[in-house]
Amino acid sequence: MLVIPAYAKLNLALEVVARRADGWHDIDTLIVPIDWHDLVGVEFVDDAGVDGSPALAITESTSRRRDDAVHAPAPNDNLAARAAALITGAVPERPMRIRVWLDKRIPVAAGLGGGSADAAATLRAGAQLLARHGVDVDGVDLLAAARKLGSDVPALLETHTVRATGRGEHISRMAMRTLYCAVVFVAPSFTRDVYAAVLPEECRDTGRMERLTAMLAAELPPDDILMGSALEPAAFRINTELADGAGRLRSALPDVRWHMTGSGGGFFAMARDPAHATALAGAARTAGFVARACRTVHGWG
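Using this note's numbering, the letters of the sequence shown map in sequence onto residues 1 to 301.
These are calculated hints, taken from the structure and not from any lab test.
None of the values given here were measured: they were computed from a predicted structure.
Using N, Cα and C, we set each Cβ at its ideal position, and we do this for glycine too.
A hint or two may mislead.
Cβ-Cβ distance ranges computed for the label pairs, FRET-style [what the hints assert, rightly or not]:
1. 237 - 1: 43 to 51 Å
2. 248 - 143: 39 to 47 Å
3. 214 - 1: 23 to 31 Å
4. 133 - 251: 23 to 31 Å
Using the sequences and the accompanying hints, generate a full structural model.
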């Protein structure tokens with residue numbers, strides 16, 4: 001079995017640029033992978049299902065204690081399962097049984113991209129295993145598969161900082177120095193509901209993305225004023241648990257600027273160094289939250 005990490009992500013900043021005629025939204029966001037990660041294991045078995053179609057098994061590891069915020073969706077709802085089906089579909093002439101093992105560590109419904117990260121890691125690991133079977137899947141095909149799975153999956157296919165536009169499927173890679181932060185899970189938040197609650201006047205391009213990307217490209221510390229998610233007002237309007245929890249977090253650590261990531265559930269605060277990140281995460285845990293000190297990562301571990 002090939003086991004690789006599936007890194008969570010932060011949206012350092014997210015703008016909702018416009019609502020499209022098809023009901024989706026155009027966004028502009030800066031996505032960084034962080035070292036809070038699940039583990040994804042993939043293996044092939046030359047054993048087709050009863051009807052000749054590829055079979056799938058998703059198993060959640062129970063080898064470690066978890067916070068209540070962490071659990072794996074049912075296989076039918078799991079993006080990793082859909083990614084596995086795409087991988088097996090790459091060799092229709094040779095039905096294979098694919099087994100995917102997940103060790104879930106990233107909180108779900110947190111805006112941290114856990115499900116998308118699992119799917120991206122499944123695609124990457126599956127492609128590596130196919131190569132061992134003499135089947136090459138090029139980067140273009142892998143990216144096309146990622147786009148079928150969801151807006152965040154293409155950005156997480158490789159562990160690099162990216163700027164994502166459109167629905168999130170159009171990505172451009174950025175070089176950036178390592179950043180340190182504390183990441184906190186506040187309450188579950190659901191992407192579809194949050195986007196549905198966005199008001200027309202909240203769809204706009206403020207220009208902060210250009211300023212933030214310029215700062216990061218110059219290896220300057222990111223400006224807190226430029227960070228955060230434009231989805232926060234919509235998320236708070238429909239989710240009092242999230243709004244109240246964020247209020248408690250900000251009241252407990254009033255000298256820290258906490259930013260919502262993506263459509264929420266999770267919040268982050270930038271830190272000067274690893275020790276500062278550890279202190280912030282510890283203070284958040286003392287206040288009753290699931291929290292972790294994190295750093296950005298570059299390249300697959």
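Structure-based check of each hint:
Our hint of 43 to 51 Å for residue 237 and residue 1 holds, since their Cβ atoms are close to 44 Å apart. Under the hint 39 to 47 Å, the C-beta atoms of residue 248 and residue 143, about 40 Å apart, fit the expected range. Under the hint 23 to 31 Å, the C-beta atoms of residue 214 and residue 1, about 43 Å apart, miss the expected range. Evaluation of the 23 to 31 Å hint for residue 133 and residue 251 yields a failure: the beta carbon distance comes to about 55 Å.
Of the numbered hints stated above, those contradicted by the structure are hints 3 and 4, listed in ascending order.
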